[in-house]
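Enquirer: Residue numbering for the sequence shown follows UniProt numbering, starting at 1 and increasing by one per position.
These are calculated hints, taken from the structure and not from any lab test.
Even glycine gets a Cβ: it sits at the ideal position worked out from N, Cα and C.
Some hints here could point you the wrong way.
[To be verified] Pairwise CB distance ranges (calculated):
(1) D77 <-> Q194: 42 to 50 Å
(2) E104 <-> R80: 28 to 36 Å
(3) E193 <-> T78: 41 to 49 Å
(4) V84 <-> A129: 30 to 38 Å
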Amino acid sequence: MSDIADRPFDDAPVTTAKDQGAAVRIATHETIEDRGHSLTACATTIRRPAAELYAWWRDFSNLAGIMENVERIEVIDTTRSHWVVKAPGGATVEWDAVVTEEEEGRLIAWASAEGADVANSGRVTFDDAGARGTVVTATILYDPPAGVIGKLVAKLFQREPAIQARRDLARFKQLMETGEVATNAMTRKQREEQGA
1 MSDIADRPFD DAPVTTAKDQ GAAVRIATHE TIEDRGHSLT ACATTIRRPA AELYAWWRDF
61 SNLAGIMENV ERIEVIDTTR SHWVVKAPGG ATVEWDAVVT EEEEGRLIAW ASAEGADVAN
121 SGRVTFDDAG ARGTVVTATI LYDPPAGVIG KLVAKLFQRE PAIQARRDLA RFKQLMETGE
181 VATNAMTRKQ REEQGA
C-alpha cells in the first residue's frame, strides 16, 4: 500500500503510522486548515453512543471542565469561540477558534483565526465501535509559541498539547462513563476544612 489513506479504518490515530510523512499529509488534509507544524493525535474508546458524545463535545462551554489547561472558553456564536489557555510560567495564550467542518454526530473540525497566540487546527471524530461504544479521536496540528524551545519548555511544565490531549480525552472518558472525573486534588471545601 502506497499511503496510509489506503488502509482500512482502525482505532489508531494517524500519528502512530510508521510513515510519518504520510501521517502529516493525511492529518493536514483531515484538519482542513494548515495551522501549524507539530502534529499530535490520540484516541480512546468510550462506552457511550457517538451522538451523545458529539452533542456534549459540541457545546464548547463544556470543554473547560475536562481540559486541564483551559481557563475558559467563551462561545461567540455557533461557529466561533474564544479560548484562554494556561501556558508555562503562569502566562496564558488566547485565540478564536472557527468551526471549519461539521458532520452531525460524527466530526467537528476547527482552525484558529488569524492573529492567534498559538496557531492551531484539528478535528475530533466520533466513530461507532459497535458494542464497545465509540472511538473518539482528536488530531491537532499546532505551532508552539517560541518554536522548538517553547515546545520543550511546555513539555517540562506538562503544558504541551500532546500530553494534554491524552489527559483531556481520559477525563472525557471518565466523565462520560462514570458521571465524574476522578482526581487526587483536594476540593476547595477540603482545603478550607484543613485551613490550607
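Enquirer: Taking each numbered hint in turn, which are not upheld by the structure, reported in ascending numerical order?
Expert: Violated: hint 2 alone.
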